[in-house]
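Taken in order, these protein sequences are the chains called R and S. Residue numbering for the first sequence follows the working numbering, beginning at 1 and increasing consecutively. Residue numbering for the second sequence follows the working numbering, beginning at 1001 and increasing consecutively.
Any given hint might turn out to be false.
To be verified - Under the rule of at most 27 Å between Cα atoms (straight-line distance), these lysine-lysine pairs were calculated in the DSS-like manner:
no.: 1; chain 1: R; residue 1: K58; chain 2: R; residue 2: K69
no.: 2; chain 1: S; residue 1: K1078; chain 2: R; residue 2: K102
no.: 3; chain 1: R; residue 1: K102; chain 2: R; residue 2: K71
no.: 4; chain 1: R; residue 1: K58; chain 2: R; residue 2: K78
no.: 5; chain 1: R; residue 1: K102; chain 2: S; residue 2: K1062
no.: 6; chain 1: R; residue 1: K71; chain 2: R; residue 2: K49
Unchecked claim - Computed list of chain R residues with no C-beta within reach of chain S, every gap over 10 Å:
no.: 7; residue: L13
no.: 8; residue: S26
no.: 9; residue: N32
no.: 10; residue: H43
no.: 11; residue: E64
no.: 12; residue: A87
no.: 13; residue: F105
no.: 14; residue: R114
Simulated from the structure, these hints should not be mistaken for laboratory data. These numbers come from a predicted model, not from an experiment. Virtual Cβ for every residue (Gly too), placed ideally from N, Cα, C.
If you want the building blocks of each chain, they are given just below.
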Amino acid sequence: AQSVSQHNHHVILSEAASLELGCNYSYGGTVNLFWYVQYPGQHLQLLLKYFSGDPLVKGIKGFEAEFIKSKFSFNLRKPSVQWSDTAEYFCAVNARGSSASKIIFGSGTRLSIRP
Amino acid sequence: DARVTQTPRHKVTEMGQEVTMRCQPILGHNTVFWYRQTMMQGLELLAYFRNRAPLDDSGMPKDRFSAEMPDATLATLKIQPSEPRDSAVYFCASGSSGDYYNEQFFGPGTRLTVL
């Protein structure tokens, strides 16, 4: 069975600090990987996704994530955070190609940015 | 701009009352997912459909919850009778099983409060 672990439950940073949020998954086959963001009071929005090719994926708002297959990891990074990045971030995985398969979400990491 | 829509956006009801939440998936999408989000449990998958047929509703309390797709443009989630512990934000998401990558698009959610 697939599972996703996000070990950081709450991260607090100052503006301009660098960010890295950890995500590890467990699944033996080929996977699609996602990061979703949920701003306060809003719904989940796709931040970036990895399907194949370059393991370094660039998303919206200056975010990027690196897929390291050997480590089963897909960590999210941003070199310099802003106050507006305050949100909850969800890593997610599903099995490649399986029709209508579930996306398994991690428990989320709440990011708080001090102005 | 294609979006998943959900109604109502907010619902306050008393314990024991029936609650019906509605979701209109993105036109052309044939998979629909219902999630519940709470502070304590995070994001939980309740049920999902492909081509209007339920594929998995193991995450849903069967005694009081029911999910249906009367047609391709409407998904409903019903709680009868409602209880205070059902208070949560309920998200609907849609996708396409013809999409190899299984990306899901989320609606704005229904915030349910059961008194």
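### Query
Which numbered conditions among the earlier hints are violated in the structure presented, ordered from lowest to highest?
9, 10, 13
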